[in-house]
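So you can see what is in the structure, the chains are spelled out below.
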Amino acid sequence: MKNIVIGRYVPGKGFLYTLDPRTKIIALLLLMAGTFIIDELIHMVVAIAMIGIILLIGKISIRRVYLGLRPLLFLLIFTFAFQILFNTQGELLYEMPLYYSPLTIGLVALVVVTWMLTKKYIRFKLIYFLIMVALSLFIFSTLNEPFVFGQGAFTVYEDALQMALFIMLRLIIIVTLSTILTITTKPTDLNLGLESVLKPLKIVRVNTEEIAMIISIALRYIPTLLDEANKIMLAQASRGVDFQEGKLKEKVMQIVSLLVPMFIISFKRSDELANAMEARSFVPGQPRTRLHQLVWKTLDTLVIIFAIGFLFGSIYIRVMV
Amino acid sequence: MAIKFERVSYQYQSIDKRGYLAIEDVTLSIAGEGEFITLIGETGSGKSTLVQHMNALLQPTEGRMNLFGIKIDKDTKRQKKVKLNPIRKQVGLVFQFPEYQLFEETVQKDIIFGPRNFGVSEAEAIKRAKEVIKVVGLDESYLKRSPFNLSGGEKKRVSIAGILAMEPDILILDEPTSGLDPMGRNALLKVFNDIHEKLNKTVLIITHDMNTVYEYAKRVLVMREGVLVYDGDPLQLFSRRNIENWNLETPEILKLQKALQSKFNIEIDNYPRSKKALFEAVKEGVKQ
Chain G
1 MKNIVIGRYV PGKGFLYTLD PRTKIIALLL LMAGTFIIDE LIHMVVAIAM IGIILLIGKI
61 SIRRVYLGLR PLLFLLIFTF AFQILFNTQG ELLYEMPLYY SPLTIGLVAL VVVTWMLTKK
121 YIRFKLIYFL IMVALSLFIF STLNEPFVFG QGAFTVYEDA LQMALFIMLR LIIIVTLSTI
181 LTITTKPTDL NLGLESVLKP LKIVRVNTEE IAMIISIALR YIPTLLDEAN KIMLAQASRG
241 VDFQEGKLKE KVMQIVSLLV PMFIISFKRS DELANAMEAR SFVPGQPRTR LHQLVWKTLD
301 TLVIIFAIGF LFGSIYIRVM V
Chain D
1 MAIKFERVSY QYQSIDKRGY LAIEDVTLSI AGEGEFITLI GETGSGKSTL VQHMNALLQP
61 TEGRMNLFGI KIDKDTKRQK KVKLNPIRKQ VGLVFQFPEY QLFEETVQKD IIFGPRNFGV
121 SEAEAIKRAK EVIKVVGLDE SYLKRSPFNL SGGEKKRVSI AGILAMEPDI LILDEPTSGL
181 DPMGRNALLK VFNDIHEKLN KTVLIITHDM NTVYEYAKRV LVMREGVLVY DGDPLQLFSR
241 RNIENWNLET PEILKLQKAL QSKFNIEIDN YPRSKKALFE AVKEGVKQ
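From first to last, the protein sequence lines stand for chains G and D.
Residue 142 in this note's numbering sits at position 142 of the first sequence, with consecutive numbering throughout.
Residue 195 in this note's numbering sits at position 195 of the second sequence, with consecutive numbering throughout.
Isolated chain D, as found in the complex (with noise of 0.2 Å):
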């Protein structure tokens, strides 16, 4: 396993002594391939929190981890001996607001940004970052542009670029489709679930959209105050009933197929994945 949580809490210093609680004791692993995961959980249950740790951006306050072979627990701020930075190249992660990643004069120089920093040499960076802005669904001619006269969406992508120019063995986004419209959403998910299909890269992503959940995660994280309450797969996670408890929406595909369920009056298999799955089991379900 690539990341390793053991009983891992972090809290968050203050003022007042007492701190803030952000994760308490959660418990995980990821392995470096070949998963696709979503993390989810209402605002200020400690999503971001808790993949900051997954980069080593944050060292836990209690329990233990181990990134790539290298332990990590409350001392490893103390002793310099420990290089955080080699991790940080593995496991890739983008913030939710590309603002506060973006800083060069053009899209090219911050794409090569990243990869620079971790010794690539210049050549082989521009040429990953005119690989990457085209996996991004920007063309070429964006390279030249300056970051900041670019629209949020734009903007975005760019910042997803700069992290995929390092080549992470495990690509971890923050909310990455917040604030895109649909079109654009879809194409970012296809693109993420490209790099997870066919580099067989694991890829997490922390999301609002149970959609994003059901049509794309093969396993799902609930984060609930701090506590990670729920690690496995959707289709069991939407099939319990108190999802509601959680603050939970149900996709959209499973309200449609309990609507047709009702109005009707026939059996369809039990949670089918996407639009055509849902097809054909209505089909299915008519015939019989």
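Excised from the complex, chain G in its bound form (with noise of 0.2 Å):
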């Protein structure tokens, strides 16, 4: 539970660490919007070069990139193999004659089963995944025995992959990017960006204080929450729920157990909470100070230039090219 990396700050030097939180809010929509605006592949790895450089003058490893790209692995695999199966536009690249006898058939069942049984034990779960996959195609396409059911292809279009890599890599811009946004602002930096950013907003009447008020008491509370929860497992286990274990049932009854002492706490909690901030004087609308006032620098307008440069940049590339 502890191993979350969205939305984590990660203590570090760099130019990313110095800028204003609001820079890096409007510097991240404007990029964002660049990349859905683009749309041919080899624009797209300017782009992702462009990143890459960012990220190598923001001295932020690609690690912690990697990190945050975990839990899409699933997501990009999948869409790359999606578009791959069952595009079939453009240019035929590659043909693979697939044979379906019972031959192959039972052989990839055994692969399948072996992965079943194996896959506790290994610790590079997804290449291992990935061999067993190319191992099954391997043996689709190689043993071309008598028995045979019937005849497949697997085919690869040249649309299919530029689809998929295009879209693979716009991910990857995403997510890379809000990454480093992430990491590289405190939540309470974040949130004070996001107080002035909305700013505008106040003109239709949203209270966009209470809303930056909200949102940074619910990011202080997420570790002190899974903190409490984890107390809470550990005090249900010494009671003898076996959260490994259990049928439907039993596990129904070990999320209850689990859910109400976490509800009643964070009641209990936000009820002090409301209290403490009263205690010291907080009036929900007036308007309040802050010990540390956001400064705008040089290096944010520059920021913000390119920003804006990478947006229109990509519009004139759309539009005239």
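If you are wondering where the hints come from, they were derived from the structure by calculation, not from laboratory data.
No false leads were mixed into what you were given.
Result set (DMTMM-like, lysine to aspartate or glutamate): computed pairs, CA atoms no more than 25 Å apart in a straight line:
id	chain 1	residue 1	chain 2	residue 2
1	G	K231	D	D174
2	D	K258	D	E244
3	G	K120	D	E62
4	D	K218	D	E167
5	D	K109	G	E228
6	G	K120	D	D75
7	D	K155	G	D242
8	G	K251	D	E104
9	G	K268	D	E105
10	G	K199	G	D300
11	D	K201	D	E33
12	D	K74	G	E245
13	G	K247	D	E105
14	D	K190	D	D139
15	G	K268	D	E154
16	D	K190	D	D231
17	D	K77	G	E250
18	D	K130	D	E197
19	G	K268	D	D181
20	G	K120	D	D73
21	D	K218	D	E244
22	G	K231	D	E175
23	D	K71	G	D242
24	D	K74	D	D25
25	D	K276	D	E197
26	D	K144	D	E131
27	D	K155	G	E272
28	D	K4	D	D25
Remember, it's a predicted structure, so these values are computed and weren't measured experimentally.
Dock chain one against chain two, each of which comes alone in its own frame, and use the hints as you go.
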């Protein structure tokens, strides 16, 4: 539970850390918009190269970004495979015959069973999985035995490959950008920036301060609640709840035994917090001053100019080229 | 020995890889019956982490332990063969805050939750609930009430009853008397003492109250910054001069004894255990 990387601040140095949170939020939005406007693979490659340069200058380790991407690996592979399998437009690039015979199906079933049985013990599950998929394809394509049921083909078309890479790169860019934002910005700063960026909404009578306060309290309490959940789990485990095992009915009971104390504690905590805030003269809706004021620097202006340039560049390429 | 620790260390994991060493190199053993132990130490000295090892909620990151014949070390978690659940029936652990475990609609349902998890029949579990609710000093009418409408002290008693109903061999309580009034505290300590004396079970209590340690415990463990610095007789602990170095207080009775000694200039038999014993000792001293 403690390995949630998305949305976690990682202390560090580099120019991205010194940027104003407002700059980072606005730049993120501009860059994302730009990424959505790009519609050619080659331009997308240029865009990702730029992101790579930003990472390099910002001294953010690729490993961190990868950790942020990891929860999306499944989605990435899925979209990739989906495109390759079902998109049949453009030129045919590659064709592989597949023979569906009792022998090959049996062998592949064996591969699947081996995968199910051994995956527990393998550390690099993803690579292992890919090896198994490749092995299955290899079996289907090479063993041309007499008891043939039927024959198919594994084909890769040009558009499919382009589309697959394109979507993958776009997803990677978007997630990387948001990961950069959350890695380099403290939750409190992020919240300050958000409040500031949302200020124009005040004209349409949206209470931005309250929204910002709600977000900052929510962010503040995530680790506390995780900690609490952990303690509740231990307390229930010492009363014989085995969270690893159990049938469906027991599982439901286990979750109830976790959720009820969780809710009770959260309500109690919010009550206490409200009292504590009132005791320190917090009045909702009153204008408040800040201890740490956001300061706009030249670097921020440069970054915004770069982001606007990126957006207009991609619009220009889309429209003119 | 029912519980055996061999050079056990535990490191909490954190983002910055280094982690936080909560307990370090602890070696101790606890018998499955007839012990009354108190565990003391400052907040953050690793007391709670230590007792969470005793029913295998946590597994050591270094060293080995043996709980009722089940060997546990840092590799145990990965091997799914080892069943840890049975240990928790034998070693009952009551957490400091009852809010973490109460969740049922009625007190009775909450008390039978533990025993039911360990395969006790419903009828038998309800019978036990009726017994243990009286043991912790509440009456049977509480069984029908909601655990969330009780006072802090009552919640605490219910949570203790929930563990007692599992009939563990070793009962471990994490600060069972915090937040109770003095009357309630003494009553509850008597309960633990009864469980220890009448049923000959091992009781281990985490406490900050030196009077509890001095009056009830036969053995005391002192934790300091994750290290077990003392394991032995409470009398010897308090006769040492440097307990202040461990930020421990002298029990009231010993303070009173010292005061009497200096005021009346009499010899008093060393280290009386209770008020009564002190009174007798003073009588002896005056006679002489």
